[in-house]
Amino acid sequence: MSVGLYMGTRLRTRFGKELRVVEQLGDGGQGIVYKVMYDGKPMALKWYRPNVFVDKQRFIDNLRNNIMHGKPTDAFLWPQDMTEVIDGSFGYVMDLRPEGFVEAKELFIKPGLFHSYRRAIDACMGIVSAFRVLHNKGYCYQDVNGGNFFINPETGKVLICDNDNVAPEGTDTGIRGTPSFMAPEIVIENSVPSMKSDRHSMSVLIFLLLLVQHPLEGVRLTQAGLLDGPTQKRLYGTDPVFIMDPDNYTNRPDPAYPNVLKVWPCLPEHMRDIFTRAFSKAALTNPNRRPSELEWIRELTRFRSEVVSCSCGNEVFMQDAKPVMCDNPNCRREVRVALRADLSQYSLPFVDDTRFYRCQTCVCNADIALDPLAWVIGARERADILGITNISGEPWGVSQGGSQHMIAPGKTVQAIPDMELDLNDERILIRRNA
Amino acid sequence: MPYRNDLGAVMRPDLHVFYVLDTSGSMQNKPIGVLNRAMDETVDALKQVAAHHSDANVKIAVLEFNSTCRWINPAGPEYVDDFFWQDLAAAGRTEVGAALRELDSKLSRNAFLNSMSSAYLPVIIFMTDGFATDDYEHELNRILHNKWFAKATRVGFAIGRNPDTEMIAKLVGSSEAVIRTDDLGVFARLLRFVSVSASTLSGNSHTTDEEVSGSAAVKMARDMAGVSREEVSPSFTYEETPFRDFNSDSSGTGFTWDSTRVF
Chain G
1 MSVGLYMGTR LRTRFGKELR VVEQLGDGGQ GIVYKVMYDG KPMALKWYRP
51 NVFVDKQRFI DNLRNNIMHG KPTDAFLWPQ DMTEVIDGSF GYVMDLRPEG
101 FVEAKELFIK PGLFHSYRRA IDACMGIVSA FRVLHNKGYC YQDVNGGNFF
151 INPETGKVLI CDNDNVAPEG TDTGIRGTPS FMAPEIVIEN SVPSMKSDRH
201 SMSVLIFLLL LVQHPLEGVR LTQAGLLDGP TQKRLYGTDP VFIMDPDNYT
251 NRPDPAYPNV LKVWPCLPEH MRDIFTRAFS KAALTNPNRR PSELEWIREL
301 TRFRSEVVSC SCGNEVFMQD AKPVMCDNPN CRREVRVALR ADLSQYSLPF
351 VDDTRFYRCQ TCVCNADIAL DPLAWVIGAR ERADILGITN ISGEPWGVSQ
401 GGSQHMIAPG KTVQAIPDME LDLNDERILI RRNA
Chain U
1 MPYRNDLGAV MRPDLHVFYV LDTSGSMQNK PIGVLNRAMD ETVDALKQVA
51 AHHSDANVKI AVLEFNSTCR WINPAGPEYV DDFFWQDLAA AGRTEVGAAL
101 RELDSKLSRN AFLNSMSSAY LPVIIFMTDG FATDDYEHEL NRILHNKWFA
151 KATRVGFAIG RNPDTEMIAK LVGSSEAVIR TDDLGVFARL LRFVSVSAST
201 LSGNSHTTDE EVSGSAAVKM ARDMAGVSRE EVSPSFTYEE TPFRDFNSDS
251 SGTGFTWDST RVF
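Taken in order, these protein sequences are the chains called G and U.
Position 418 of the first sequence, counting from 1, maps to 418 under my numbering, and the rest follow consecutively.
Position 65 of the second sequence, counting from 1, maps to 65 under my numbering, and the rest follow consecutively.
Mixed in with the good hints there might be a few duds.
Claimed, not checked - Just a few of them, taken from the derived set where beta-carbon distance is under 10 Å, the chain G residues facing chain U:
#	residue
1	G4
2	R49
3	F53
4	G112
5	S116
6	E154
7	T155
8	G156
9	S180
10	L208
11	L221
12	Q223
13	N288
14	R289
Rather than coming from a laboratory, the hints here were simulated on the basis of the structure.
Note that this is a predicted model, so its numbers are computed, not measured.
Each residue gets a CB set at the ideal place from its N, CA and C atoms; glycine is no exception.
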């Protein structure tokens with residue numbers, strides 16, 4: 001038994017409720033997580049060990065503020081209530097982790113839990129969009145690591161936990177995080193965590209989820225031998241080098257860990273560009289040069305639409321809906337799609353499960369970037385007959401062969417070549433692919 | 001695109017956890033039985049750490065010493081998931097110096113630490129219930145020039161009626177990193193908790209110049225086990241003068257070099 005709460009213990013909370021400890025769920029360095037009955041519902045309680053805080057009062061004040069302000073979105077397992085302080089220990093109440101969610105770091109070890117890149121991209125989009133809301137509310141997260149993000153690999157849904165460290169931009173909570181996820185300026189202790197440092201951490205997380213390798217961990221890490229504090233400070237702080245840096249070849253991926261070497265060449269150019277930008281010397285040294293949430297959302301939504309399944313089951317990336325060779329060595333077929341969707345800036349393959357978001361069709365701000373507009377679906381009777389569903393909440397105009405009609409929200413229309421969808425001022429043109 | 005299933009696990013540094021265990025004659029009967037069961041549970045707890053609390057590949061190596069010393073895994077540290085405890089028997093003298101000499105020879109990139117990736121500072125856990133029957137101090141002075149040893153997270157157990165607690169303090173560098181107990185139940189629990197705390201602390205990356213200390217691991221283990229400092233701490237204090245000159249040879253020329261220099 002570790003020091004903590006006995007099963008059946010009852011505690012009073014700040015909101016005058018009572019909770020009862022039911023079972024222990026996990027045991028970490030900072031504290032223990034229990035399942036509790038709280039206000040008649042099963043919830044989770046994070047119970048801190050005594051003496052884990054440098055400045056306990058500041059931590060409690062911040063936690064109380066977070067509880068009062070409420071969760072930014074449903075993607076956060078947010079503190080909802082806190083307990084009384086007993087013998088120097090206390091805890092906070094949050095929702096339980098639902099079935100089917102695993103810690104992000106499990107996906108770094110077992111990448112195959114994601115059955116498809118689309119799901120992995122969905123998870124990345126979920127993370128970026130949660131950060132966008134958090135940052136817009138003036139918070140920064142501070143402590144990104146593989147244990148703080150729960151992901152459902154079947155659906156790509158994301159839940160962000162350990163929100164006790166979330167604090168208003170500019171607050172020094174004393175939390176510095178996990179070095180491999182920390183922005184260089186935090187590693188070298190030049191500044192306190194900020195939205196801009198969150199952006200670096202977020203980029204690292206996206207790279208890890210998609211390419212299953214840390215962007216700064218190449219031969220410099222494997223050849224470092226003894227990984228002591230000063231060595232890590234150099235790798236992540238004073239002299240970080242992107243493993244795919246176009247100019248600096250000193251930290252190439254270690255061939256013993258070939259994930260990046262396999263995935264990187266298959267990525268569409270715009271994804272390679274944004275990663276190269278996010279981990280360039282400029283962005284590593286100047287926080288203002290890091291891609292914003294909106295930029296990530298734009299590239300990820302496009303990327304998501306470019307993933308197409310070959311008939312062998314392998315996924316390929318198709319830039320501008322152009323034919324591409326399947327790289328499954330047992331297949332090697334040319335993958336083509338019959339239809340494509342022309343947007344103002346690029347074209348996308350038009351296939352089952354293609355999704356269109358507002359940021360793909362027009363210039364927009366981050367708030368509405370991920371508003372869904374349209375969703376492609378195969379007919380029940382024949383998968384190759386495609387329909388497009390209006391999920392925008394507003395009626396569309398559709399024109400084809402000179403005739404025009406309206407599609408109400410929630411309705412689906414069969415997609416045929418040369419159909420033009422008019423979504424307010426935005427256009428999607430469906431074309432037969434040459 | 002490569003199948004997601006064809007992608008391997010992300011590169012993770014190794015974390016080596018060494019146990020240096022006294023299996024001399026005085027450990028016969030109950031103590032060795034308790035040690036065997038405690039190691040069983042410790043290995044199980046480390047599997048949990050490896051799965052959930054660590055950014056590292058956790059590997060175990062066990063060196064038992066009595067009149068001679070012997071690695072349980074002579075081929076080198078094994079991944080904790082592949083490691084299963086095999087019971088040890090007790091007999092013979094307490095040749096601590098020989099054990100240190102053997103440990104020194106294996107704590108090297110050319111020996112046990114020759115993995116493909118880099119490694120965090122190792123964890124080394126000592127246990128004895130007696131006094132050395134050889135000249136351990138000579139060997140200790142040598143091994144302290146081994147950077148893997150000197151910078152390791154070292155913890156020591158002094159158990160039984162009459163252990164050389166001072167010797168253990170010298171092996172681990174600080175009296176605060178020693179657990180002194182005559183209660184085999186407390187020993188078994190703290191062995192498990194300190195294995196967890198030391199490997200959790202060492203197996204997560206950090207960038208401070210201050211390395212994870214054995215005393216921090218012991219403090220965390222006491223907190224986890226609900227044992228007070230007074231119950232298990234030695235009655236004296238000892239603190240090793242930190243070695244900074246890892247570049248020097250062991251002849252003790254008196255020169256020092258800046259070990260924090262960036263290459």
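These are the hints, each one checked on the structure:
With 10 Å as the threshold, the beta carbon of G4 of chain G comes within range of chain U, its nearest partner Cβ sitting at about 8 Å, so the hint holds. For the restraint placing R49 of chain G at the interface with chain U, the shortest Cβ-Cβ distance is roughly 6 Å, inside the 10 Å limit, so the hint holds. The criterion of a C-beta within 10 Å of any C-beta in chain U is not met by F53 of chain G, whose closest approach is roughly 13 Å, and the hint is violated. Taking 10 Å as the C-beta cut-off, the interface hint given for G112 of chain G holds, the closest approach to chain U being about 4 Å.
With a least beta-carbon distance of about 7 Å to chain U, the hint placing S116 of chain G at the interface is held under the 10 Å criterion. For E154 of chain G, the interface hint is violated, the least distance from its beta-carbon to any beta-carbon of chain U being 13 Å, above 10 Å. With 10 Å as the threshold, the beta carbon of T155 of chain G stays out of range of chain U, its nearest partner Cβ sitting at about 15 Å, so the hint is violated. A cut of 10 Å between beta carbons decides the hint on G156 of chain G: the least distance to chain U is about 13 Å, and the hint is violated.
For S180 of chain G, the interface hint holds, the least distance from its beta-carbon to any beta-carbon of chain U being 5 Å, beneath 10 Å. Contact between L208 of chain G and chain U, as hinted, is supported at the beta carbon level, the nearest pair being about 7 Å apart and thus within 10 Å. Checking L221 of chain G against chain U by beta carbon gives a least distance of about 6 Å; that is within 10 Å, so the hint holds. Interface hint status for Q223 of chain G: upheld, as the beta-carbon distance to the closest one in chain U is roughly 7 Å, under 10 Å.
With a cut of 10 Å, the hint placing N288 of chain G at the interface with chain U is violated, because the nearest CB-to-CB distance is about 23 Å. Annotation: R289 of chain G was flagged as interfacial toward chain U, and the flag is violated, the nearest CB pair being 23 Å apart, outside 10 Å.
Going down the numbered hints, you'll see the structure goes against 3, 6, 7, 8, 13 and 14, while the others check out.
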